[in-house]
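Peer 1: Sequences and hints are given; from them, build the entire structure.
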Amino acid sequence: MEKNVLVVVGDDDLMTGKNRTAGAQHDPTQDEDIHISVPLPECRYQVLTENKDGEPVKFATVGQTVYHQWTCEPEEEETSPFCATIHSCNVREESGKEVQLLDENGCAVDRFLLNNLEYTADLTGGQVSQVFKFADQPSLFFQCQIRLSLKEGGKCKRSSDECPAAARGKRSISQNENEVDVISQRMTVFDIDDPINPKAAKNLGSDALTGTSSGDICISPAAAGAFVALFGTTLIVSLIAVGLLCFRPQTVKFSLRD
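If you read the sequence shown in the UniProt record's numbering, its first letter stands for residue 1, the second for the next number, and so on.
Don't read these hints as lab results, they were simulated from the structure.
Quick reminder that beta carbons are idealized off the backbone N, C-alpha and C, glycines included.
There may be inaccurate statements among the hints.
Unchecked claim - With beta-carbon atoms standing in for the labels, derived distance ranges:
#: 1; residue 1: Lys58; residue 2: Thr233; range: 32 to 38 Å
#: 2; residue 1: Asp194; residue 2: Gln100; range: 22 to 28 Å
#: 3; residue 1: Gly54; residue 2: Pro81; range: 52 to 58 Å
#: 4; residue 1: Asp194; residue 2: Pro164; range: 16 to 22 Å
#: 5; residue 1: Ser37; residue 2: Ile183; range: 38 to 44 Å
Stated by the list, open to error - DSSO-like cross-link-like pairs, simulated, lysine-lysine; straight-line CA separation at most 30 Å:
#: 6; residue 1: Lys58; residue 2: Lys133
#: 7; residue 1: Lys97; residue 2: Lys155
#: 8; residue 1: Lys97; residue 2: Lys52
#: 9; residue 1: Lys151; residue 2: Lys58
#: 10; residue 1: Lys97; residue 2: Lys58
#: 11; residue 1: Lys133; residue 2: Lys97
#: 12; residue 1: Lys151; residue 2: Lys52
#: 13; residue 1: Lys157; residue 2: Lys58
Peer 2: So, in structure tokens, the structure goes:
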């Protein structure tokens, strides 16, 4: 996707009237319009362990510290004329239930869940938070929108710069803005007292976590224990039944004849 940027080029002396001699003819329409196509940056959203240098989170425990990071990278690492504003963020679970975290201006709705974001660069923002989950729903993911707008005077001006502020109405999208949807990776969240935590899940092996091993069936330790117990019980009952059949007393029938 590309963005058309209009650049106006003109003679400052002609435009301001400097060095203009008497009787000189000046055509005010000599300004030249140049249209440049600038590719939009590629944006992504990740939830990382502890800080911006952490690894993407797949398994977590309620209360664990994570870092939400939004990044937009211009093609070929060129300097970008855009600014990124993260807004309209929600957390969702598989059945469709969702909770809003950031409003349309990029301001925090509930600071206990996610505070106002900190922008470390023109196209990068992030914030630390503690892991939470929906009741009886271990899997969740996050979805946001990123507003890409042109810099004003070489600087970024965001709607979230005024946070916290009184709630404002829904803002409209200007001609110089583009909206990008980003979705985080899916996370499985365990309760604090769950038998499986991220460390235990990691010990199960990478194949069990990612499910990339073909032909393998992954089950939980509790299910595996129940399966072993059922198998052992069935085996013992079978052995007892065979033993009773083999060692039961045999009866002899006598017939009396006259």
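Peer 1: Next, verify each hint and record whether it holds.
Peer 2: Verification of the supplied hints:
1. Lys58 with Thr233: 32 to 38 Å: 36 Å, holds
2. Asp194 with Gln100: 22 to 28 Å: 27 Å, holds
3. Gly54 with Pro81: 52 to 58 Å: Hint violated: Cβ distance 30 Å, outside 52 to 58 Å.
4. Asp194 with Pro164: 16 to 22 Å: Hint violated: Cβ distance 35 Å, outside 16 to 22 Å.
5. Ser37 with Ile183: 38 to 44 Å: Since Ser37 and Ile183 have Cβ atoms about 27 Å apart, the given range 38 to 44 Å is violated.
6. Lys58 with Lys133: Distance ~13 Å between Lys58 and Lys133 Cα, so the pair holds.
7. Lys97 with Lys155: 38 Å, violated
8. Lys97 with Lys52: 28 Å, holds
9. Lys151 with Lys58: Roughly 35 Å between the alpha carbons, so the hint for Lys151 and Lys58 is violated.
10. Lys97 with Lys58: 20 Å, holds
11. Lys133 with Lys97: The hint holds at about 11 Å.
12. Lys151 with Lys52: OK: Lys151 and Lys52 at ~25 Å, within 30 Å.
13. Lys157 with Lys58: 34 Å, violated
In terms of the numbered hints stated before, the structure departs from hints 3, 4, 5, 7, 9 and 13, listed from lowest to highest.
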